[in-house]
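Please put together the full structure from these sequences, using the hints given.
As they're listed, the protein sequences go chains A and B.
For the first sequence, the working numbering assigns the number 223 to the last residue and increments by one with no breaks.
For the second sequence, the working numbering assigns the number 220 to the last residue and increments by one with no breaks.
Check the hints yourself; a few may be wrong.
Claimed, not checked - Result set (EDC-like, lysine to aspartate or glutamate): computed pairs, CA atoms no more than 20 Å apart in a straight line:
(1) B:194 x B:163
(2) B:194 x A:114
(3) A:154 x A:179
(4) B:194 x A:211
(5) B:194 x A:209
(6) B:194 x A:129
(7) A:154 x A:18
(8) A:154 x A:143
(9) A:154 x A:169
(10) A:154 x A:191
(11) B:194 x B:139
(12) B:194 x B:166
What the hints assert, rightly or not - One side only, chain B facing chain A, incomplete, derived with CB under 8 Å:
(13) 107
(14) 118
(15) 125
(16) 157
(17) 193
(18) 200
Claimed, not checked - Negatives, chain B to chain A, calculated, CB over 12 Å:
(19) 41
(20) 148
(21) 209
Don't read these hints as lab results, they were simulated from the structure.
From a predicted model like this one, the values you see are computed outputs, not experimental measurements.
For each residue, glycine too, the CB sits at the ideal point set by N, CA and C.
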Amino acid sequence: MYPTQHADALRIRTASTEVVQLTAIGTIPGVAVLNAAARNGTGTARLRSSGETVGHLLCYRAPGSSTFGVPHRVEADGVYVLPDGEDPSKFVRVQVWTAYLAPGIAEGSVKLRDVFNNEIKADDVSAAEAAAGDVETTTLSLENDGGRILSQVKAWLDPSTENLEISSDGVAWSTPTGEASALGLADVPPDGSVTLHLRRTIAAGAPSDPEILNQLHLSFCGL
Amino acid sequence: MAWPTESGSLGTITGRRRRRPPRRPAGRVFSAPVAPTACTYTLTRLGDVTQIDVTTWLAGVVYYCWYLDGILIDTTTSPRLWIQTAVGYQARLEVIASNDPDFDTESNAPAGWPSRRLIWWVRSVDSDVVSYRVEQDQDGGGWSTVATVAAVADQWEYQVLSDRLEDLAQYTWRVVPIDAAGNDGTPIAAGEEKIVRTPDAPNFAIAFDDGTTKVTFSAA
Chain A
1 MYPTQHADAL
11 RIRTASTEVV
21 QLTAIGTIPG
31 VAVLNAAARN
41 GTGTARLRSS
51 GETVGHLLCY
61 RAPGSSTFGV
71 PHRVEADGVY
81 VLPDGEDPSK
91 FVRVQVWTAY
101 LAPGIAEGSV
111 KLRDVFNNEI
121 KADDVSAAEA
131 AAGDVETTTL
141 SLENDGGRIL
151 SQVKAWLDPS
161 TENLEISSDG
171 VAWSTPTGEA
181 SALGLADVPP
191 DGSVTLHLRR
201 TIAAGAPSDP
211 EILNQLHLSF
221 CGL
Chain B
1 MAWPTESGSL
11 GTITGRRRRR
21 PPRRPAGRVF
31 SAPVAPTACT
41 YTLTRLGDVT
51 QIDVTTWLAG
61 VVYYCWYLDG
71 ILIDTTTSPR
81 LWIQTAVGYQ
91 ARLEVIASND
101 PDFDTESNAP
111 AGWPSRRLIW
121 WVRSVDSDVV
131 SYRVEQDQDG
141 GGWSTVATVA
151 AVADQWEYQV
161 LSDRLEDLAQ
171 YTWRVVPIDA
181 AGNDGTPIAA
191 GEEKIVRTPD
201 APNFAIAFDD
211 GTTKVTFSAA
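Put into structure tokens, the structure is as follows:
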């Protein structure tokens, strides 16, 4: 239904559950947002549909963007990826029910917010753990849901992220904060996956913070 | 009963790191409007219903974005809003007025730690659904009904604003579709969330210098 070379080809899962980075609130009739790329960032996005002689045209505009993506013609129910007009790596994956799409033009807002305590589940740190210090590890599966091999897969941490390390084998840990020094991962064939390990260290006596946002960057080539 | 999606159709607007709002005095308080424009407002109360009228110097079409206890509850082109609160209930209402039809109500939301959550979902595509029961679990204590919403034939999405939530409690919400015979369908649930209304103050150290008689505060 959607281009397999699209950035949506690489999915992050843990225990077979896809990781959700952004909560999407709001839509237009006939459309439900299944997943919003983390690259969208937070803010208000827009969805638009217009009824055509045959089918509908659907398009998306990411928060902060001034350009809708190229309209995607929808003639059947299914899952579609709608990219932004300025940055195609900003996209939403939507489920469409054509019978419910507005016959004319419909446009609505989609509010995107960060998800804390998502499927990665760096669980709440108890007072005892905070006092003594704590180390937690998580294993992510980077899976290729597209039809082409994904190469030059790289992972790195946002410079604002603290107390987090990444590893390809769970043995050697690093804290790259840019693509130039990123952790290289193996190529991912269609329907294949590579593993990425995360290690979070809470220093002894760390103060309470209810909303620490850890951000992981990924890049890959799918052409 | 079929739902448009298994995940992603239900979400709660989650709080995020924001500047802590100033402490408000007791009583029913409605804060002054915030940027980008300065407004004045009047309140008219009748029983548990309060009418708020906002005056702005903006000309032309003005979009008013209303936030109740930190959660966006409505965007209107009318400067008037009514809210209903229980007697003795405190509420914090903020409004942002803008001429921008694309005003980003998320990025420009007032600072604070919202004490409510918006439970939002898209309709079931099963035509025999007549209502939705919204349930809430607090700290694993079991499901309790917080609202029942009638299904409307041509309405695609629904939302319910929660009551003010308990600080440091763990909440989960789910929506259960109900058919005409009263049968429950398959619920959809949002991930659990720990509510933080009053985050801890930052750690700091205080030092008093006898010589200068100055007190110095520093990060611990």
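Going through the hints against the structure:
{"no.": "1", "hint": "B:194 x B:163", "verdict": "15 Å, holds"}
{"no.": "2", "hint": "B:194 x A:114", "verdict": "15 Å, holds"}
{"no.": "3", "hint": "A:154 x A:179", "verdict": "7 Å, holds"}
{"no.": "4", "hint": "B:194 x A:211", "verdict": "10 Å, holds"}
{"no.": "5", "hint": "B:194 x A:209", "verdict": "12 Å, holds"}
{"no.": "6", "hint": "B:194 x A:129", "verdict": "18 Å, holds"}
{"no.": "7", "hint": "A:154 x A:18", "verdict": "19 Å, holds"}
{"no.": "8", "hint": "A:154 x A:143", "verdict": "13 Å, holds"}
{"no.": "9", "hint": "A:154 x A:169", "verdict": "14 Å, holds"}
{"no.": "10", "hint": "A:154 x A:191", "verdict": "18 Å, holds"}
{"no.": "11", "hint": "B:194 x B:139", "verdict": "9 Å, holds"}
{"no.": "12", "hint": "B:194 x B:166", "verdict": "9 Å, holds"}
{"no.": "13", "hint": "107", "verdict": "4 Å, holds"}
{"no.": "14", "hint": "118", "verdict": "7 Å, holds"}
{"no.": "15", "hint": "125", "verdict": "6 Å, holds"}
{"no.": "16", "hint": "157", "verdict": "6 Å, holds"}
{"no.": "17", "hint": "193", "verdict": "7 Å, holds"}
{"no.": "18", "hint": "200", "verdict": "4 Å, holds"}
{"no.": "19", "hint": "41", "verdict": "24 Å, holds"}
{"no.": "20", "hint": "148", "verdict": "21 Å, holds"}
{"no.": "21", "hint": "209", "verdict": "25 Å, holds"}
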